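Peer 1: Protein chains in written order, with the UniProt record's numbering: chain R, 1 to 152; chain G, 1 to 103; chain S, 1 to 506; chain U, 1 to 524; chain B, 1 to 402.
It should be emphasised that the hints constitute simulated quantities derived from the structure, not laboratory data. Note that the structure is a prediction, hence the values are computed from the model and not measured. Keep in mind that the hints are not guaranteed to be accurate.
Cross-link-like lysine-lysine pairs, in silico, BS3-like; alpha carbons within 25 angstroms at most [stated by the list, open to error]: (1) B:Lys-274 to G:Lys-41; (2) G:Lys-66 to B:Lys-82; (3) S:Lys-106 to S:Lys-384; (4) G:Lys-66 to G:Lys-41; (5) S:Lys-110 to S:Lys-33; (6) U:Lys-117 to S:Lys-384; (7) U:Lys-71 to U:Lys-84; (8) S:Lys-384 to S:Lys-110; (9) R:Lys-126 to R:Lys-107; (10) G:Lys-28 to G:Lys-41; (11) U:Lys-84 to U:Lys-66; (12) R:Lys-107 to B:Lys-82; (13) S:Lys-110 to R:Lys-126; (14) S:Lys-33 to S:Lys-106; (15) S:Lys-384 to S:Lys-61.
DEER-style ranges, computed between Cβ atoms [claimed, not checked]: (16) S:Thr-463 to R:Gln-134: 18 to 28 angstroms; (17) R:Ala-124 to S:Glu-421: 46 to 56 angstroms; (18) G:Ile-65 to B:Leu-98: 47 to 57 angstroms; (19) B:Ile-277 to G:Asn-4: 45 to 55 angstroms.
Looking from chain R toward chain S, a few residues come up when the C-beta cut is under 7 angstroms (computed) [claimed, not checked]: (20) Val-98; (21) Gln-123; (22) Gln-134.
Beta carbons are placed, not taken as given, at the ideal position from N, Cα and C, and that holds for glycine.
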Amino acid sequence: MTGALGIYNYWIYVLLMMIGLYGVIAKPNLIKQAIALGLFQTGIFLYYISMAVVDGGTAPVWTTILDGAQKYEGPYDNPLPHVLILTAIVVSVSVLAVALALIINIKRAYGTIEYDEIEAMDQADKRADYQRGQVTDAADDVEHRQEGHHHA
Amino acid sequence: MHWNEVVCTVLLALGCVISFSGSYGVLKFPDFYARLHAAGKTDSLAQVLMLLGLVFVTPDVLTQIKLMLVAFILLIVAPTATFAITRAAHLDGLRPWTRGGPQ
Amino acid sequence: MLDAFEIVPNLPVLVVTVPLIGGVLTIVMGRGKGPWAWATLITGLVFYFTVLLMQQVLAAKTGTISYELGNWPRQWGIEYRVDALNAFILLTVAGVGFVTTLYAQKSVEKEIPQDRHNFFYAVWILAICGLLGITVTGDAFNVYVLLEISSLTVYALIAMGKDMNRQALTASLRYLILGSVGASFILLGIGYLMMVTGTLNMEDMHDRLAALPDAVHNRTVLVAFAFLLVGLGMKMALFPLHMWLPKAYTYAPSAVSALLSATATKVGIYMAFRFLFTIFGVGFSFVAMPANVVLSVAACTGILVTGVTAVRQTNLKRMLAYSSVGQLGYIVAGFSLANVNGVAGSVVHIFNHAVMKGGMFMAAGAIMYRLGRCDLRAVRGLGKRMPLTMAAFVAGGLGLVGFPLTAGFISKWYLVQGALEAPHMWPVAAVVLVGSLLAVAYTWRVVEAAYFQEPEGDSALVTEAPLSMVLPMWILIGASVYFGVSATFTGDISMRAAKSLLGGAP
Amino acid sequence: MIHFDVSPPLLALYIPLLGALLISLAGRWPNLRELVTLLTAGALLWVVGGMAPAVLADDFWASFAKAPALKLAEVLPGVWLELKVEPLGMLFALIASSLWILNSIYSIGYMRGNHEKNQTRFYVCFALAIASVIGLAFAGNLFTLFVFYEALTLTTYPLVAHKGSAEAIRSARTYLGILVVTSVCFLLSGIIATYAFTDGDMTFRPGGVFRRALADGSLTAPTLGILFVLYMYGIGKAALMPVHRWLPAAMVAPTPVSALLHAVAVVKAGVFTVLKVIVYVFGPAVLVRYGVGSWLIYVAGATILIASCIALFQDNLKRRLAYSTVSQLSYVIIAAALLSPLSITAAALHIAAHAFGKITLFFAAGSIYTAAHKTEISQLDGIGRRMPFTMGAFTIGALSMIGLPPTAGFVSKWYLLQATWETDAPFVLVVVVLSTLLNAAYFLPIVYRAFFVAEAKHDDAHHSSADGHFGDDGDHHGHHAGDHGEAPWPIVVALSCTALATIAFFFYSDLAIGLANQLRSGLP
Amino acid sequence: MNAVVLIDTLLLLLVTATAVAIIEVRSLYASAILTGIYSLLMALVWVNMHSMDVSFTEAAVGGGISTILLIGTLVHVGREEKPIKKRLHVPALIFTALTGAALIYGTLDMPRFGDPAAPIHHYRVPEMMAQTVGFVNGTPGKQKPPEGFDLDRYRRFDGRVTGPIPDDPKDTAWREKSILQTEGLMVPQVRAAHEPHAEEGHHLHPPDDFNGHVPNSVTSLLAAYRGYDTMFETTVIFTAGISLILLLRRPRREGYLQPGAALSDQVILRVVTKLSIPFILIFGFYVITHGELGPGGGFQGGVVLATAFILYALIFGRAALYRVVPPPVSDILTGVGVLIYSGTGAACMLLGGKFLDYSMLNPAVPGDGESLGMTLVEYGVGLTVSMVMLTIFNQLAEERST
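Extracted from the complex, chain R is given alone in its bound form (with noise of 0.2 angstroms):
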């Protein structure tokens, strides 16, 4: 590989973590949300791994030759950064199954999984909330009581 892309194979990350952010921001399913958080993640790793590439690289295992002894058959490609990935993906297949269950559990309470539904129902029991924890300038109230009392 002789610099014949140079930086531009970076650019195919970028646009691989811009479908998935596309996708979590113009999605109303919530299992298409997380799919597409799940891509915008891949776009980053696929960032790490081509930090990783040195030119005419090989996979950074040493060469085992027998009993413990190595040889070096370099140059190889880094290491760190697939190690860094290999917990990301971890992470992010964790993330992905918290993601996937609490969608369940959005399923049965709300019967769908459409966010804008959802915000909707969401909106609905906030504005009861509301008027249900309002106290109509505290005081007003007292007064009304006074005048029926008076009235009484």
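Using the hints, position chains G, S, U and B against chain R.
Peer 2: Structure of chains G, S, U and B alone, referenced to chain R:
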């Protein structure tokens, strides 16, 4: 070109052709069962052919054994998987397509 | 074999691994009070360790303790690095974590199904563990991993409010999505930085950045800076990236709200400290880059907007949640000043706000425990029915307002001083003061309802919350008062922290 | 003399705090509770009075500089709570503590007479407010002053909102709102700026704290001017127009509260703070030299006249008294703003003199409300014959307000006029004369009505209070015009005492004048 | 343009197209399956970039677990997305375009793709790859490089081996010699026996860190240098598992087991399953154990182990699985994995070293201790991962039948 490389190339090419035809079948066939038929058959064969092809160019005996083992397991597992899928589809109530039958 | 083991040199790592192991072991603690007792033990132990650690840091000649995990040199392995700043934050997080665990027992008993208390407390301890880990580490990627632990646990904890109100679920999912995007931005920022520096150790990164010929015009560094800022902003709920916070705090189980408000966003801010001051350095973040303008404008707008929003809420927890965003604004506004008083105010407010808001959320939780709701209508007349709870709420509220002799005043004192010292930053001082007036407005609605109105319905019959709730509540509120009357300890520490942050990497 | 382990100022601070605790504990037994209140008040006066001789001593200022600060708590490095006794604070503490006793007696009558609810809270908050006043009076530095200033706002809030009616809560909001806004926005920023300019030196000392900063040029005259404005408007309790609105609003409180707190403690805390800031933070000499204080004379003058004019048109008695207070407070401020030693004396004396007069007036208003449930001046026809003591005391208070001998008002006004003469300030002279006329114009008609106009028949207290915003909705337990006499005896005793004190002040004002002179002698 | 770039370009094109399809396709099932395909393509991309471990993980996680998770969820929440009128969300498009533009702007000052001179390749990593961190530390108070040792030059060195390799495999000293001496650098004095705490701050890691036991530098980074990260990675998985239990598990009185259709009536499936499960298990353990030598490790192996159980449950029903691994046991085992990991770390600490300093496990031959520690933690990871995957599967399956 050494003889083993020739054999390898032929096997790989064969595998590719079969695999391609399978993919074509998946696109063209009318219903689920037919498509799975195309995919299942060709995949098993193509993969086994390719693995065998690779055996001929691998210098390391251990790796050769591993490759053959993979091919062997694939031969058993891939059809079983296809079977399980069709079985599940059948249990789910999916009717096979027949000419002039209900869509 | 144990004779070779000493606690003190291993404190930095014990602070994190004890809750890790303890958290995992919680799942075998059976049902009933077992998990809670275990969680209390573990968090108490961690709190003790943080106190010891604080002593160590204060005694250390350089003011810094370094711990190299696996004995690998810090530039290669992962380093734990404790200075006055993170020792203080550790103390705050562990202390509030401990007290909140004490408090959690009754509230969790009521709000979480009995058969999963062991899992709940496991997640609870792991959340604290993650937050402590972020605070103690000196490695940029380790921050990300621990951030994900704390986030994941927090998503689950918030969602546990689902049995009280289904909105907990949507709140949690929304936080999950925004939080993951934020964390991804942080990961990306770390990646960009790694690309130009070739290292992950924070201090090493700082040195490499400083050695870069033209870091200020390096586009990679600039973008890294921007994305880190946005990612951190999301994690610490900086206005206008705070959208997830109010709902999450409102519908989470009461104990969780108390824990989160006092710790989660604080640790987000701590990360901002580390990235802006330790990695990029003051010169880069605040002189070359307009971070001070961006942050202070965001913070000030946040203080005002969320203050006004808080005044309009009827649900106490929601009100407190908005107030939290505003209070975070103070902290951000403080360090955006980039002078000693401002940063010290910011650091001290992290602690002060943690104890005050933690206590207030506990009070709201106690009301929730007794009445099943905590809105303005419910608190009417509670001043007589639940005197201790309401007094705690009011005392905390006075702290938010910043009345003298409360902890909030100390923060305000430093912040206003810092704002007046910094050139052209006096509007920040004005906003800080106006913000405290808004705090009067929303606190006072509760005061009026609780003390000058007659109770109705259930409110007329309730009694004071159980002692196991009132006591922790008052520990926190008491701390907020104590550290308002005698803030030499907190003031000293935050001054030290501020000086070391501003003097470049310690 | 008993030897105290605790130093007297600290003891003075602790007594009302302890009293508050005991009162809350004794809440269930009203008699015990009120006994505790009275005992606490008595003890406080005893302790405060015991400190007076030391302050009046000739070598006081010499020892003042040397006396170690009485640190309560070090809040931050360099910022601490500190108490220190000086003449002005002594004067203020004496007034507050002596009037608290009378006020407590009065409160007992009033609160019982009107069947008020939450009486325990009332007495507790009252004691706490007094503690704040004592702390304010003996504050040794700016920070301490601010702390107790805010504490006073906070502890009086429940008293203002005491009734819990919509009106009370709304007015209490205004009260709290204005006081907190001004103190947080202006006073606190002023204090923090002072802290910054003086490198953390906020200790009160005659001559001010800015000398060094001014000398080395870090503080310039315009900045000093801005600081002065911040302080003057930051002290909202001084009710300088246009931040006076809280005072009429606070009149919604039960009358004893209005009487002690809004004629004595809170408002006096305001002007006291103004005076203290002028004397001990800025220093009159500094203000004169840099010419940054002269605007205050005109603002205070305008406040005096405008507030008097407004008072003229108020029909509600307490509201009229409130505006009268606004106007009288600015007397203190205008005197202080003249910045001569004599005028400072006058200001200090007026704090005392006005206190006695105004508390009498408020007591009278409360007495009328308790006995007759009347709140409006137009209802007061002929009431003097039914309540001779009350209205007699009222007359004495009114005379003191106008400044006629032999009342307290005359003493301070005399000093003020002297100071005006001395500093050659014709504007102030005109203001004083005009306002005296206005005072007469709004007080004397009340006296006239009470004693010389015949009582109207069929006047029903119920309906007349409908349009009165203050003191409404008390228990209407069978009072009708025509069947009331004097108020309950504690009320009458209390108001007679204050009325007598108003007169006595004219004859025996040595203590007050001594303290004021001591204050003057301390000025560099 | 060589073949690698060609394949890279083709793959990335495919990946991008798949990504677009995932977002835009209406059927959620299709979306889930495409996600699996996407992950497999990604795995190919990783292989093409020589990142075998990541590839393995991506295939196991993305192609396997994620897809199972998604489909398991779809069963409960419905297969179709609600039709939306506006296909294109303009604000989102603008926002993403701006973000993307910013990111691309940031790449402009990056080193060229594959540039060996990039800081990341020559600053810290070479020592880690050559596994000489234990000796090149330069940290005050630690074992210092010997007199005359040119640290800067050492760091610039790219690790190329020249010179003869001895026949005796036990003789590992050649590595120092060949790497260092040929470049004109001094060979550090290697201590024969490492006495613990011989001196203040004495460093126990041998100069070649693992005595040549760990040729896969990804594993050495993962489990040793950055072992602490990996411990928390395991904790993340554990957390996900118990979060799922918290969120999805039905109250115990309803019982774990709901009747569900099993495929056990089919002889072929039964036989093949019984035949392959031992192979899968062996392969799983192989992957875990082999992690030090080649691609693989606890995480990948754990996923493989989990698939054996999942397969068993699919064919023979969950009742059978619960007889093998009752839920309380799997709950506890998820934690045991994390405990093995953190316990190993704590053991090192209790033996007087620092947390996760595996060399403490065998002070006489520190390199072997390192190796032992790494194997232990890999098993910890594997246990937790497999049990969590099993738990996740169980929770989703339980949900299904109610």
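Peer 1: It remains to establish, for every hint, whether it holds in the given structure.
Peer 2: Results of checking the hints against the structure:
1. B:Lys-274 to G:Lys-41: Between B:Lys-274 and G:Lys-41 the Cα gap is close to 23 angstroms, so the pair holds against 25 angstroms.
2. G:Lys-66 to B:Lys-82: Not satisfied, since the Cα-Cα distance of roughly 47 angstroms exceeds 25 angstroms.
3. S:Lys-106 to S:Lys-384: The given pair, whose Cα atoms are some 22 angstroms apart, holds under the 25 angstroms limit.
4. G:Lys-66 to G:Lys-41: Status holds; Cα separation ~23 angstroms.
5. S:Lys-110 to S:Lys-33: Measuring from Cα to Cα gives roughly 13 angstroms; hence the hint holds.
6. U:Lys-117 to S:Lys-384: holds (13 angstroms)
7. U:Lys-71 to U:Lys-84: holds (9 angstroms)
8. S:Lys-384 to S:Lys-110: Holds, at about 24 angstroms.
9. R:Lys-126 to R:Lys-107: holds (19 angstroms)
10. G:Lys-28 to G:Lys-41: Distance ~15 angstroms between G:Lys-28 and G:Lys-41 Cα, so the pair holds.
11. U:Lys-84 to U:Lys-66: holds (12 angstroms)
12. R:Lys-107 to B:Lys-82: The hint holds at about 14 angstroms.
13. S:Lys-110 to R:Lys-126: holds (23 angstroms)
14. S:Lys-33 to S:Lys-106: holds (10 angstroms)
15. S:Lys-384 to S:Lys-61: Answer violated: S:Lys-384 to S:Lys-61 is near 53 angstroms, above 25 angstroms.
16. S:Thr-463 to R:Gln-134: 18 to 28 angstroms: Holds - the Cβ-Cβ distance for S:Thr-463 and R:Gln-134, about 25 angstroms, lies within 18 to 28 angstroms.
17. R:Ala-124 to S:Glu-421: 46 to 56 angstroms: holds (49 angstroms)
18. G:Ile-65 to B:Leu-98: 47 to 57 angstroms: holds (55 angstroms)
19. B:Ile-277 to G:Asn-4: 45 to 55 angstroms: violated (35 angstroms)
20. Val-98: holds (6 angstroms)
21. Gln-123: violated (10 angstroms)
22. Gln-134: holds (5 angstroms)
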